[in-house]
Each structure stands twice: as structure tokens, then as C-alpha cells.
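Chains R, B and V: place on chain A using the hints.
4 protein chains.
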Amino acid sequence: MTTEPTWSGSAGPTAVSPAGRVAPGTARVEAFSDGVLAVAITLLVLDLKVPHVEHGSVWPPLLDQWPGYAAYVTSFLSIGIMWMNHHSLFVMIARADRKLLFVNLLLLLLIVTVPFSTSLVAEYLTHPGFNGKIAMAIYSGQSFLMGLGFAALWGYPLTHPRLLADGVDVAAARRAFPRFASGSAVYGALVAVSFLNPAVALALHVSVAVYYAFERLPVGQRAGGHLG
Amino acid sequence: MTTEPTWSGSAGPTAVSPAGRVAPGTARVEAFSDGVLAVAITLLVLDLKVPHVEHGSVWPPLLDQWPGYAAYVTSFLSIGIMWMNHHSLFVMIARADRKLLFVNLLLLLLIVTVPFSTSLVAEYLTHPGFNGKIAMAIYSGQSFLMGLGFAALWGYPLTHPRLLADGVDVAAARRAFPRFASGSAVYGALVAVSFLNPAVALALHVSVAVYYAFERLPVGQRAGGHLG
Amino acid sequence: MTTEPTWSGSAGPTAVSPAGRVAPGTARVEAFSDGVLAVAITLLVLDLKVPHVEHGSVWPPLLDQWPGYAAYVTSFLSIGIMWMNHHSLFVMIARADRKLLFVNLLLLLLIVTVPFSTSLVAEYLTHPGFNGKIAMAIYSGQSFLMGLGFAALWGYPLTHPRLLADGVDVAAARRAFPRFASGSAVYGALVAVSFLNPAVALALHVSVAVYYAFERLPVGQRAGGHLG
Amino acid sequence: MTTEPTWSGSAGPTAVSPAGRVAPGTARVEAFSDGVLAVAITLLVLDLKVPHVEHGSVWPPLLDQWPGYAAYVTSFLSIGIMWMNHHSLFVMIARADRKLLFVNLLLLLLIVTVPFSTSLVAEYLTHPGFNGKIAMAIYSGQSFLMGLGFAALWGYPLTHPRLLADGVDVAAARRAFPRFASGSAVYGALVAVSFLNPAVALALHVSVAVYYAFERLPVGQRAGGHLG
Numbered sequence: 207m208t209t210e211p212t213w214s215g216s217a218g219p220t221a222v223s224p225a226g227r228v229a230p231g232t233a234r235v236e237a238f239s240d241g242v243l244a245v246a247i248t249l250l251v252l253d254l255k256v257p258h259v260e261h262g263s264v265w266p267p268l269l270d271q272w273p274g275y276a277a278y279v280t281s282f283l284s285i286g287i288m289w290m291n292h293h294s295l296f297v298m299i300a301r302a303d304r305k306l307l308f309v310n311l312l313l314l315l316l317i318v319t320v321p322f323s324t325s326l327v328a329e330y331l332t333h334p335g336f337n338g339k340i341a342m343a344i345y346s347g348q349s350f351l352m353g354l355g356f357a358a359l360w361g362y363p364l365t366h367p368r369l370l371a372d373g374v375d376v377a378a379a380r381r382a383f384p385r386f387a388s389g390s391a392v393y394g395a396l397v398a399v400s401f402l403n404p405a406v407a408l409a410l411h412v413s414v415a416v417y418y419a420f421e422r423l424p425v426g427q428r429a430g431g432h433l434g
Numbered sequence: 207m208t209t210e211p212t213w214s215g216s217a218g219p220t221a222v223s224p225a226g227r228v229a230p231g232t233a234r235v236e237a238f239s240d241g242v243l244a245v246a247i248t249l250l251v252l253d254l255k256v257p258h259v260e261h262g263s264v265w266p267p268l269l270d271q272w273p274g275y276a277a278y279v280t281s282f283l284s285i286g287i288m289w290m291n292h293h294s295l296f297v298m299i300a301r302a303d304r305k306l307l308f309v310n311l312l313l314l315l316l317i318v319t320v321p322f323s324t325s326l327v328a329e330y331l332t333h334p335g336f337n338g339k340i341a342m343a344i345y346s347g348q349s350f351l352m353g354l355g356f357a358a359l360w361g362y363p364l365t366h367p368r369l370l371a372d373g374v375d376v377a378a379a380r381r382a383f384p385r386f387a388s389g390s391a392v393y394g395a396l397v398a399v400s401f402l403n404p405a406v407a408l409a410l411h412v413s414v415a416v417y418y419a420f421e422r423l424p425v426g427q428r429a430g431g432h433l434g
Numbered sequence: 207m208t209t210e211p212t213w214s215g216s217a218g219p220t221a222v223s224p225a226g227r228v229a230p231g232t233a234r235v236e237a238f239s240d241g242v243l244a245v246a247i248t249l250l251v252l253d254l255k256v257p258h259v260e261h262g263s264v265w266p267p268l269l270d271q272w273p274g275y276a277a278y279v280t281s282f283l284s285i286g287i288m289w290m291n292h293h294s295l296f297v298m299i300a301r302a303d304r305k306l307l308f309v310n311l312l313l314l315l316l317i318v319t320v321p322f323s324t325s326l327v328a329e330y331l332t333h334p335g336f337n338g339k340i341a342m343a344i345y346s347g348q349s350f351l352m353g354l355g356f357a358a359l360w361g362y363p364l365t366h367p368r369l370l371a372d373g374v375d376v377a378a379a380r381r382a383f384p385r386f387a388s389g390s391a392v393y394g395a396l397v398a399v400s401f402l403n404p405a406v407a408l409a410l411h412v413s414v415a416v417y418y419a420f421e422r423l424p425v426g427q428r429a430g431g432h433l434g
Numbered sequence: 207m208t209t210e211p212t213w214s215g216s217a218g219p220t221a222v223s224p225a226g227r228v229a230p231g232t233a234r235v236e237a238f239s240d241g242v243l244a245v246a247i248t249l250l251v252l253d254l255k256v257p258h259v260e261h262g263s264v265w266p267p268l269l270d271q272w273p274g275y276a277a278y279v280t281s282f283l284s285i286g287i288m289w290m291n292h293h294s295l296f297v298m299i300a301r302a303d304r305k306l307l308f309v310n311l312l313l314l315l316l317i318v319t320v321p322f323s324t325s326l327v328a329e330y331l332t333h334p335g336f337n338g339k340i341a342m343a344i345y346s347g348q349s350f351l352m353g354l355g356f357a358a359l360w361g362y363p364l365t366h367p368r369l370l371a372d373g374v375d376v377a378a379a380r381r382a383f384p385r386f387a388s389g390s391a392v393y394g395a396l397v398a399v400s401f402l403n404p405a406v407a408l409a410l411h412v413s414v415a416v417y418y419a420f421e422r423l424p425v426g427q428r429a430g431g432h433l434g
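Residue numbers (the working numbering), protein chains in the order written: chain A, 207 to 434; chain R, 207 to 434; chain B, 207 to 434; chain V, 207 to 434.
Think of the hints as simulated: they come from the structure by calculation, not from any bench. Be aware that a few hints might be false.
The list treats identical chains as one, so a pair stands whether inside a single copy or across any two.
Think about it this way: if two alpha-carbon atoms lie no more than 20 Å apart in a straight line, the pair counts; the simulated DMTMM-like pairs of lysine to aspartate or glutamate are [as the list claims (entries may be wrong)]: (1) K305 / D375; (2) K305 / E260; (3) K305 / E421; (4) K339 / D270; (5) K339 / E421; (6) K339 / E260.
These numbers were taken from a predicted model, which means no experiment stands behind them.
So here's chain A without its partners, still in its complex pose (with noise of 0.2 Å):
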């Protein structure tokens, strides 16, 4: 085995500079991710199912299924913010390792499974009984595992600053970063309200995403320095 202190060799193709020398960078797992969660955000429509009538209108059953339409935007919207925040940490991220790569897989593998989880509250929120319950508590634990994701994905880098951007400020990126993990407590919050009002879980699931988009993640970055 030889040595790889980093996958700097890894930047692919969108990297070669005009010498022809690959240059260091995360491009191609930037790429590979981007196309995974442009690939699971769009299967969410497959969630969206045309009711079959014979006789009578249409439009009572596509009405029915109110809880796959909220669903179907609860995680296109998550899906779409989480893939704003993963680039947001790339920005910072200039170099990547196997173990970097690793855990992006990870969080790229619960991410893929949305589309699973979405289809189970669309079936069963407004179930009768403790089955709407159970998915919207699924729906949530999954959402709080993401923010784990979230969490090693960005503490992994900040223990290894060696993968970390020039202009990155580490320390003030450390002090941050209990309040940018901290993120994944609101998720374990929404597992127990799953079990008391699912719809109402599911709608805090919207505002959470709603707030993330505009709020951004404390990653400890200089003030107007130029990275993301």
C-alpha cells in the first residue's frame, strides 16, 4: 500500500488545469453527490400516485391523498436544502481522504432512503390507530441519523484541518460547532412529536427545512471572507 496522506489526486475531471495536471480538490465527489440527491429528490414522484376510477369524478380520491402531496414537499424541500448545506460544507472542504469519503457515503446512503420514508407517511399519516405515529416517528428518526451525518461530516474535516480550505478560520469553525451539531437535537425533538400529533410533526418538518434554508449552518466562517 502506498502512502495517501490525502485523495489529492482525486479532483476529477472538472479540475485539470490548463498544464494538464490534475489539480487537488473534492470535484468529483462533489459531482458523484450532487448527482445522488438530484436522482432521490426527483424519484419523490413516483410517491405521487393517479387514482384509479371507474365511475365518478376524480377529483375526491386526488384530494384524498393530501398526506402525499404535503409529504412529497416536506422532503423535496429537505432534500433540496440538505444538498445547500452539503455544498456549503464542501466549500470548505478542499481535500478529501478515504475516511472524508466514507462517511459522505454514509450520509448519501440514509439520504437515498427519503424517498422510503416519505412513501410511509403518505400511506399512513392519516391512518386510523398508531400507524401514522410510527411513520412520522420513522420519518423523523431518519432526519435526526441526517443530522448526525451532517455533524461527522463536518467534525471530520475540523479534527483533520489538514482537508480543510486555506481561507477556513479552524478555531472559530471548532467553537461553532456544538451549535452546528446541535441541529440534529431539533430532529430528536420531532420524534416525540411524532407521537403525540404526526401532522403537526410533519409540518415542523417543513418549517425546520424553511429555516435552514435561509438560516445558515454555523460553520465558524470569517465574516465576508470569500468562501461560501
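The following block gives chains R, B and V in isolation, referenced to the frame of chain A:
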């Protein structure tokens, strides 16, 4: 929270310059949008179903599902031309902030449901009774909303010109905006046509798509300028 | 409307030069086409169905669906080689106008339906009676249309040479065009073979795909030139 | 036909240099392969089915389909790590000819069927009788073939060194090749284990994937070299 005048560091891997610095831009937003649109346009094929016949010829049932083929062609052209126009806009947009990303995400959320509404039209266009009209009105209404989405995607940077590329003539673009945004009105009219004759409404959708393929959006560019 | 000699500003993110200017090109058209082809080729796997057996071995029903595997391999190679040839053409095409984009979109519209016609062949190839011949004739007819699409995609820039890359020998390319376009005739012949013996026609499709993988399209390039 | 020493003009959009010349490379092959792998890995989620219950809890049927979750995790990690290794090889491969493209296409043809064999394992792993062993043996046999595909993808440029990047130590790489290629033997052994105990074979697949995530392929690079 840090200041975030623009998402200028988020240019993505494709904009890494030889000197290794990240250049401002919208590369990764465009790449993600391209990916989503490419998946959505290809998922349309899943609406084409192979008919199952035990005895007799497969030819008649294949012909009977002509609304499916018509809806496929219509939606393929629509998404393809939305891709062209999305691209034309982003030639003019040089920087993205969080609000622009969010508007773009909402537009994608609408476009990704096109395979669903296409499936609805394929299933109900030739149904006796009112369901064909409902299906086609939903399809047209969705196009209306996507038109509003494009208006928002272009209206936002027009009112925040620091996001625009250098060569854009902002005054001309603002004068052209009402005409740009009025494209949605066509789809509003198609909602009405859908209730009169859904098959005619579908044919008009094809016409509108082909029209937009060749007629450039009035974005107020300088004639002969090097921008898109 | 403004003048639009070529879509020269639409080079896309990948062609951003170090000076930040957008370079002319077809980068984003190629990226979108690549994405569509990559999704379409991968969706072919959805035609492979897991047989459901309650008792007895799953092995016989797995073997019984050999037409599905044969159709999968044929279509995978066909789309893969269309990707190669699409790419070879775009090495020669330096600029795109709206008409070229539209021709490209129509070609993609045809290619994306390959998973549907593949599924049709998988279902009916070994059916008794005429349905296998209908399915295979549709498959071959689709290839014929895709051949015409490629002829249009290359014929258009040949008659609008300002769209071509600098190194292209236009006169030689025009002389080679009839041979290039005659590839469609092969697929026309396969429509006839489909009515005689559909299994033979499917095998011939594989042969043609492998032939095109290794035999370069006669695009009239200069021997030894730096273009693809 | 013209001479085609290498597919050197096919570098694709991402390798357009500032001077506008097309640089040699494998950028577009990598981008297409990345796209296919990203779609294939994401389609794995379609194997996860929402159970339908009218009465009673959805929890037991969700737990009962644990083989589906296990197969999903195994295949997700396998494809993810094949992506890593595919990328590692292409850092070493600077040029592609038609034969290399064809070998790469055959490898992708195998990888894209992973969602099918995953579904087979998910359905039959815990079936009584022989079907679980058949399903797992097919899964392992497919991994064996993919191992051979990787050996061909690396063996071909090793015997055609003009395709290799400048920094590659060809002699060292050739010495390392037997060890590289012997990875397939592990999967051959897993075919045998599949017949003894399919659940153990599935667990061993996870172990092998994780091993390859961290253990670099013996490609004969120079220690400390700037290549991947």
C-alpha cells in the same frame, strides 16, 4: 451568523480556476438543476405502460393508449424547453443568494411533479365524463404555476442587480419583464380551454412549447451581446 | 427579440475561463444530454423483474425471462454506443443555435423511450403468434427513427458551418455525409427482419451496436487531426 | 475511416482550456460513468417497499422485511465503493480509446443490474428451501463478474501504456496487477459461501466493501506521488 452578500463562494468544482481559487458563479446550482431536469424528463418514460394481452394482438391496446404518447411528447418538449430557458436565465445571473436558491428550488419542486400530472392526463384524457377536463385543467394549472416560478426566478435578480452578470442591460431587462412574465397568462387561458376541450388544450400545450423553443424569452439583452 | 447568431453565451458553467468570461461552446447541452442518456440507460434495469414463487425453485422462472436479459443487454449497448457517437459529433460542433437544440431534444425524446420498447420486446419476444414480430418491428422502427435523428443532428451543422469547430474539414464531412446517414437503412432492413424472425432481429441489433462501437462514424474528419 | 490513436479529442466540455482548445482526457467518460453509478445507487431505494396493512400495526411487517434493508445497505456500499475505485483508476488513465470505452460500458452494464440482484436477495434471502441460496449465489456471481470487469478496465491500459497518465510507474503497476486482479477470487469464494449460508455471505459482502473502502487498490502507484 456571518454576512452573506452573495453565495459567491459557491461556484462549485467546475469553476475552480488554475490558481486554485474558487471563482464566483452559479455553476453548482445549474449543475444540480440540470440533474433534476434530466431525471424528471427521463422519468416520463415510466408513464408508458406495456399492455398485457393473453390472446389476440397487442397492436390495438398499444394504439388505444395514444393519450399516453401524446402526453409524453408534450411533457418531454415542455421540460426540455424549460431547461433551455432556465439555462438562458442563468447565463444572465452571475451570483446566487439564498433567496434565489430557494425560488429555484420551488420551481424545481413544481417541474418534478410533471411526470405525475402527465400520468394523470394519460389516464383520463379520453375518459367519458368530466375527468379528462379535470386532468387537463390540473396539467394547465401546473404550467401556469411554473410560469409564475420562472417570473419569480427572473424578477428576483432584476430587483437585486448585484446578482446579474456584467453585460446585462438592467433597464432594458426591466422594461421587458412584463412581457416575459405575461407568458403565464397563456397557461391561465389553457386552464379555461381544458374545460372546453381537453384534447385541444393538450395540442395547444405542444404549440406553446415549440413556440418557446424558437422564440427567445424577452429578457432585455443587448442585441448582439455576448450573453446568451 | 434580439439577434441570436449562435447560442454562444450558453457554454455553461464548465467553460468559465479564469478571467471569469463565459466562453462559447456546447458544454451545457452536452451535460444535459449526458444526464438524460445516463438516466435512460440505467432505467433499463427496471424492466428486469424478480419472479414471485411460493413453492418450488425460483431458477426456472428466472431462466424463462431470458428475453428480458437479452433485450436489456441489447438496449444497454445501443444507448451506450449512441452516447459515444453523440459525444463524437459534439466534439465537432462548437456552437449551438435554437434549431440544433431542438433537433437534439427530439433525438433525446426518441432515445428516452428505449426502456419502453425494450420492455415490450422483453414481454412479447417469445409469445406465440404475431405479437413478438410487432414488438420487434416497433423496436427496430424506433432505431430507424433514432438513426434519422442522428442524421439530422449532423446534417444541420454541416449546412450551417459556422456552428462547426475550427478543425473540421467541411468539404470532406459533406462528402462523407451520405455514408453517415445511410446507417439508418440498416435499421430499416431490421424492421423487415423483425417480421421474419424477431429473435434473429434482436441478435442483429447487438451486432450493429458492437460494430458502431468500434467502427468510427464517417464524419469526414482529417486523419490524425486533434478532433475526436 | 480515419486513424484513431486515442480518443484524445473527446475530453469533453470540462477540459476546455482557457485558450479554447480541447485538451486530451477522459472527462466525459468519467462524467457519464458517474451519472450512471449515481442513478444506479439511488434506484436501490425502489427495492424498499411500503407494506400495506389494513388493520393492526405496520411495525411487524416493516421489521419482517429486514433482508431488504440489509441488501440495500450492502449494495449501496458496494456501488459506492466501486465508484471510488473506478475514480481511482481513471486518475491513472489519461486517454481512452474505443476498446477502453467498450470495456467500461460492459462494466457499467453489470453494475446497473445490481438493483435487480439486490431485489432478488431482498425477496428470497429468508425463504425456506433453496431459493435464498440461489439468490445469494447470483448476487455473489455478479460481484465476481464485476471484479473481472475491473481487472479488464485496468489490465487494458496497462498493456497499452500510451493511455496512462504521465506519473504512472508502469512496471510497478504491472507487478501489482496480479494482486489487483485477485480481488475477484474473494467473490468467487462468496459464491460457495452463498450455498452454505446466504445470510453469512451477505454479511461478508458488507465486510469486503468496507475493506475496499479503506484499503487502496494495489495499482502500483509511486508512494507519495501526486496521482490519486
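Status of each hint after checking the structure:
Taking the closest pair of Cα atoms, K305 and D375 never come within 20 Å of each other, the shortest separation being 22 Å inside a single copy and 26 Å across copies. For the identical chains of this complex, K305 and E260 are neighbours neither inside a copy (55 Å) nor across copies (43 Å), given an alpha-carbon limit of 20 Å. For the homomeric pair K305 and E421, the shortest alpha-carbon distance between copies (11 Å) is at most 20 Å, but the shortest distance inside one copy (29 Å) is not. Both within a single protomer and between protomers do K339 and D270 lie at most 20 Å apart by alpha-carbon distance, with minima of 19 Å and 19 Å respectively.
Taking the shortest Cα distances, K339 and E421 never come within 20 Å of each other, neither inside one copy (29 Å) nor across copies (43 Å). With identical chains, the CA atoms of K339 and E260 are at most 20 Å apart between copies only, with a shortest distance of 15 Å across copies and 33 Å within one.
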